[in-house]
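*Asks:* Listed here are the chains, written in short residue letters.
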Amino acid sequence: MKVEFDGMTHEVDKSMEVSRLLQQFSVSRETHLVVVNDRLVTEDHRLKKDDHVRLIRVVSGG
Amino acid sequence: MKCRVCGGEACISLRAYNTALCRDDFISFLEKRVSATIQKYRLFEKDEPLVVAVSGGKDSLSVWHLLSKLDYKADGVYVDLGIGDYSEVSLAKIKQMADRLERTVHVLHVRDIFEKGIDEVARVIRRVPCSACGMIKRYVMNRICVDKGYTALVTGHNLDDEAAALFGNVLYWKDEYLWKKSPLLEAKEGHLSRKVKPLFLCSEREMAAYAVLSGIDYIYDECPFSRNAKSLEYKAILNKLEGESPGTKLQFVKGYLRKVKISPVEPRELSYCGTCGYPCYGDKCNMCRLLERLKSVKGMEFAEYNGGCPDESKAMMT
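Line order of the protein sequences matches chains Y and X. Take the first sequence: its letter number 45 is residue 44 in numbering that gives the first Met the number 0, and every next letter is one higher. Take the second sequence: its letter number 224 is residue 223 in numbering that gives the first Met the number 0, and every next letter is one higher.
Incorrect hints may appear among the rest.
List of simulated lysine-lysine pairs, DSSO-like, C-alpha gap at most 27 Å [to be verified]: (1) K48(Y) x K1(X); (2) K283(X) x K173(X); (3) K13(Y) x K1(X); (4) K1(Y) x K1(X); (5) K31(X) x K180(X); (6) K1(X) x K47(Y).
Note that these hints are calculated values from the structure, not bench results. As the structure is a prediction and not an experimental result, all values here were calculated from the model.
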């Protein structure tokens with residue numbers, strides 16, 4: 000699957016749950032939303048190999 | 000995960016509320032929460048002319064969109080800080096929302112007034128850009144309310160912004176700021192507009208989800224000057240606590256709101272600027288000093304973008 004994160008696109012081969020993907024990218028569910036094929040999903044969603052995933056950082060401010 | 004309301008597939012889990020919701024039920028949940036905040040703290044009434052301080056980010060565009068859905072009448076105001084592409088993209092997103100809502104947005108271009116971007120202005124007055132930006136924005140946002148007759152300035156400050164500010168104020172015991180946090184800051188007639196924060200009890204994650212689920216096209220990039228901001232460090236600490244104990248941020252801010260009622264601090268005595276009438280601690284406000292120092296001759300002029308109007312009347316007017 001393709002994973003867009005922090006302005007870069009990464010290839011991830013294995014199918015896994017969203018919570019596992021967040022761990023793999025060392026980000027928490029509190030700071031990032033996960034959008035799969037343009038749909039917002041929960042942490043227990045099972046990702047497939049051909050999914051297009053976006054990790055959206057929610058924290059902003061200054 | 001199943002939606003707690005309809006049993007369909009959930010798209011967001013809300014651990015602070017021990018629940019999960021689908022798109023429609025989440026949007027409905029968030030809009031009810033904002034509506035309840037407006038009612039509980041008596042922020043404003045249905046027929047008041049409001050103006051939203053918009054930045055192009057998720058919170059300000061979402062609150063503008065949300066107020067419109069709840070049938071409030073709100074225009075926008077944007078301060079273009081002249082930070083290259085970042086400011087241009089932000090303004091494009093704001094105009095897009097103005098078109099969608101068919102509302103006007105007032106725009107003040109910092110470069111038009113000072114012939115400098117915010118970083119150069121900050122250098123002249125020996126402040127960091129965030130400090131100069133805050134000073135100019137506070138002044139401009141207030142000015143648009145006083146000049147155009149808006150009864151309240153709406154900002155997109157969310158639960159995480161408030162929790163981070165509170166955390167910093169407690170950490171360093173900043174008494175002068177500590178007891179000033181509220182969803183509603185009252186007006187000083189003729190001088191200072193009422194400021195309201197309808198998202199006070201909505202988390203940053205909830206607001207980002209609301210923007211994504213409502214198809215709000217916001218700017219994802221951060222202001223390049225905010226990268227090392229203290230508030231981001233505080234948010235990281237609070238989010239770590241939230242991850243381990245869901246609901247921590249909400250408890251922190253709600254607990255503060257309960258305590259603030261019994262812990263008033265006498266405000267410092269204010270005077271008013273002899274040139275423009277803005278509240279200040281001397282005979283002249285910081286903005287008038289800045290205009291003088293940079294020998295600005297143009298003064299404070301807003302451009303106007305009328306969203307949703309035919310092309311010929313849409314152009315920026317001053």
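*Asks:* Each hint should be assessed against the structure and marked as holding or not.
*Replies:* Hint by hint, here is what the structure shows:
| no. | hint | in the structure |
| --- | --- | --- |
| 1 | K48(Y) x K1(X) | holds (23 Å) |
| 2 | K283(X) x K173(X) | holds (25 Å) |
| 3 | K13(Y) x K1(X) | holds (25 Å) |
| 4 | K1(Y) x K1(X) | holds (26 Å) |
| 5 | K31(X) x K180(X) | holds (22 Å) |
| 6 | K1(X) x K47(Y) | holds (20 Å) |
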